[in-house]
Amino acid sequence: MKAAVFHAANQPMTIEEVAVNKPGPREVLLRTAFAGLCHSDLHFIEGLYPIAT
Numbered sequence: 005m006k007a008a009v010f011h012a013a014n015q016p017m018t019i020e021e022v023a024v025n026k027p028g029p030r031e032v033l034l035r036t037a038f039a040g041l042c043h044s045d046l047h048f049i050e051g052l053y054p055i056a057t
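Okay, so the sequence shown: first residue is 5 according to our numbering, each after it adds one.
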């Protein structure tokens, strides 16, 4: 499955293939066509907010 992956602040996100396990009991896997983004998410990407490690 493809995913936009954040590796480090001030670096572009990359589109990568990631492994996703099959859903277990009482779980579902959804196909997402669109997703929203909170403006504070951009602050993390820009390095304005610290990221806990």
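It should be emphasised that the hints constitute simulated quantities derived from the structure, not laboratory data. Every residue gets a Cβ at the ideal spot worked out from N, C-alpha and C, and that includes glycine. There could be a bad hint or two in this list.
[Unchecked claim] Listed next, the in silico DMTMM-like pairs over lysine to aspartate or glutamate satisfying Cα-Cα at most 25 Å (straight line): (1) K6 to E20; (2) K6 to E50; (3) K26 to E50; (4) K6 to D45.
[Said to hold, decoys possible] Computed beta-carbon distance windows for the label pairs: (5) V9 to G40: 28 to 34 Å; (6) A12 to A39: 29 to 35 Å; (7) V9 to S44: 32 to 38 Å; (8) E50 to R30: 34 to 40 Å; (9) P54 to G28: 16 to 22 Å; (10) R35 to F10: 19 to 25 Å; (11) I55 to V22: 18 to 24 Å; (12) E50 to E20: 19 to 25 Å; (13) K26 to H47: 33 to 39 Å; (14) L52 to V32: 32 to 38 Å.
Hint check:
no.: 1; hint: K6 to E20; result: holds (5 Å)
no.: 2; hint: K6 to E50; result: holds (23 Å)
no.: 3; hint: K26 to E50; result: violated (33 Å)
no.: 4; hint: K6 to D45; result: holds (20 Å)
no.: 5; hint: V9 to G40: 28 to 34 Å; result: violated (18 Å)
no.: 6; hint: A12 to A39: 29 to 35 Å; result: violated (21 Å)
no.: 7; hint: V9 to S44: 32 to 38 Å; result: violated (19 Å)
no.: 8; hint: E50 to R30: 34 to 40 Å; result: holds (38 Å)
no.: 9; hint: P54 to G28: 16 to 22 Å; result: violated (34 Å)
no.: 10; hint: R35 to F10: 19 to 25 Å; result: holds (21 Å)
no.: 11; hint: I55 to V22: 18 to 24 Å; result: holds (19 Å)
no.: 12; hint: E50 to E20: 19 to 25 Å; result: holds (21 Å)
no.: 13; hint: K26 to H47: 33 to 39 Å; result: holds (35 Å)
no.: 14; hint: L52 to V32: 32 to 38 Å; result: holds (35 Å)
In the structure shown, a violation is registered for the earlier hints numbered 3, 5, 6, 7 and 9, in ascending order.
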